[in-house]
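K.L.:
Sequence:
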Amino acid sequence: MTQQPQSLIGMAKIMRLAFTGNDLSELTSELVGRVAASGSDAAALLDLSIVHQLNGHRDTALDLQWQALQQQQHYRMKSNPFRPALRVLAIMGPGEVMANTPIEFLVENSDIALEILYVGAGLPLLHDIPKHDVAFVAVCESDSNQQLLRQLQAVMSYWPYPHINHPQQIAKLARDGLCDHLSGIDGVEVVASRRVFRDELLEQARMWPDAPSPAVAWIVRPANSHAGHGLVRLETATELEDYLAIQPEEEFSMAPFIDYRSEQDGLYRKYRVASVSGKAYPAHMALSPRWMVHYLNADMVENADNRAAEAHFMDTFDWEFGARHSAALAAIDARIGLEYYSIDCGETADGRLLVFEIDSGAVVHSMDPGELFPYKQPHMQKLFSAFHGLLKQTAWGKAAASESSARRRRMAA
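The sequence shown: position 408 = 407 (numbering that gives the first Met the number 0), numbered continuously.
In short, the hints are calculated from the structure, not lab data. Among the hints, a few may not be true.
To be verified - Here are the computed distance ranges between Cβ atoms for each label pair:
1. V31 - A329: 49 to 55 Å
2. E301 - A36: 17 to 23 Å
3. K77 - A307: 34 to 40 Å
4. L371 - G336: 47 to 53 Å
5. S224 - D127: 34 to 40 Å
6. Q263 - H228: 27 to 33 Å
7. P159 - R205: 54 to 60 Å
8. N302 - D198: 38 to 44 Å
9. D264 - A322: 28 to 34 Å
10. A36 - K381: 40 to 46 Å
11. R82 - S182: 45 to 51 Å
12. R33 - A244: 42 to 48 Å
13. P123 - K77: 20 to 26 Å
14. N302 - P83: 39 to 45 Å
From the three backbone atoms N, C-alpha and C, an ideal C-beta is built for every residue, glycine too.
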């Protein structure tokens, strides 16, 4: 690993270009040219890997990423302020975009400088830890990250700087263990997902009815999948057999379908709530007549009524949604034990908080165009400011406490 970090354009800026409809071919050509001109431009390789991931070229992207990390594990953001108030080191692992918390979105355009240290299989876990004010463990929970999270548990116990999000707690966010982790909390229902192998699903198909029956509807998806990839609602043996015929995976997550449609308008509402230092903030709300609700498929751009509903959710969060579920959110926070994470959730017909998943790596951003979503910016900036406060309090508060303790020891001596 070289001593000086190379400068990245980074995921936030590249994703913002793609999100706003820009053609990434010019940037791709620029990065390819940099790689061709210098065999040691690891930052260009890493940025190029992000472009390929966004374009759906997974294997190429991961190959480019690995080439970059073999040369360099330590990077800084090109957009960092010249004289930052705080230096944050994000500890990340190799993998796809969702393998790590997208912290860039949380600190961009601020007085905080972000650097990234990649660790993981085939890479030195510790080597000349870069100086920083506070570390943020950005490695997210997944099967492929569990070993790295176990390694980081020991490492963070003697990390020489203050840090946020302990890997032991991140490891507990597995989708298939969340129901047990949050069991017994009043006002909360957790989707009871469990891991099953293909053979088990085929065996279950023999017991399922031949005719549709909402009473036995199940949600099935490939294990570790996100963003609706391979996610289906199944009711019959034939549907399950047809699904398995087109899904090559050997492991799946399976959960009973919970009908969370509003009795008032028949729409499904999915909320994303971010938790910063134990306080809940609205991140977004999507609504749709379809049960599988994702923000990008919920007609938020095309449908002004949907945006008005989201605006109401965000503007009234503190005294409506947040107040209704304040006790539940506080109890969840006590169980989760992380300083920063997000909850994807709905509401059941009887008013309970319906938890789909909890993650430390969901994308929380301010990329939506202001002319269509004028209500979002104030709320996102409030959330970002809270996150900046968490970073600074962790760095300066713990540093001050450490100095005070050292001063007391010197006086006692």
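K.L.:
Next, verify each hint and record whether it holds.
P.N.:
Hint-by-hint comparison with the structure:
1. In this structure the hint that V31 and A329 lie 49 to 55 Å apart at CB holds, the actual value being about 50 Å.
2. Taking 17 to 23 Å as the suggested C-beta distance range, the pair E301 and A36 does not conform, at roughly 44 Å.
3. Distance hint for K77 and A307: a CB-CB separation of about 38 Å, consistent with the stated range 34 to 40 Å.
4. For L371 paired with G336, a C-beta distance near 37 Å fails the hint of 47 to 53 Å.
5. Checked against the given bound of 34 to 40 Å, the beta carbons of S224 and D127, roughly 37 Å apart, stay inside it.
6. At roughly 31 Å, the beta-carbon separation of Q263 and H228 lies within the given 27 to 33 Å, and the hint holds.
7. For P159 and R205, the hinted distance range of 54 to 60 Å is satisfied, since their beta carbons lie about 57 Å from each other.
8. Our hint of 38 to 44 Å for N302 and D198 holds, since their Cβ atoms are close to 43 Å apart.
9. A hinted range of 28 to 34 Å for the beta carbons of D264 and A322 is inconsistent with their spacing of about 22 Å.
10. The supplied range of 40 to 46 Å is met by A36 and K381, whose beta-carbon atoms lie about 43 Å from each other.
11. A beta carbon spacing of about 49 Å between R82 and S182 agrees with the range 45 to 51 Å that was offered as a hint.
12. With their beta carbons about 45 Å apart, R33 and A244 fall inside the hinted range of 42 to 48 Å.
13. About 25 Å separates the C-beta atoms of P123 and K77, a value consistent with the hinted range of 20 to 26 Å.
14. Between N302 and P83 the CB atoms are about 41 Å apart, so this pair conforms to the stated range of 39 to 45 Å.
Of the numbered hints given earlier, the model fails hints 2, 4, 9; all others are met.
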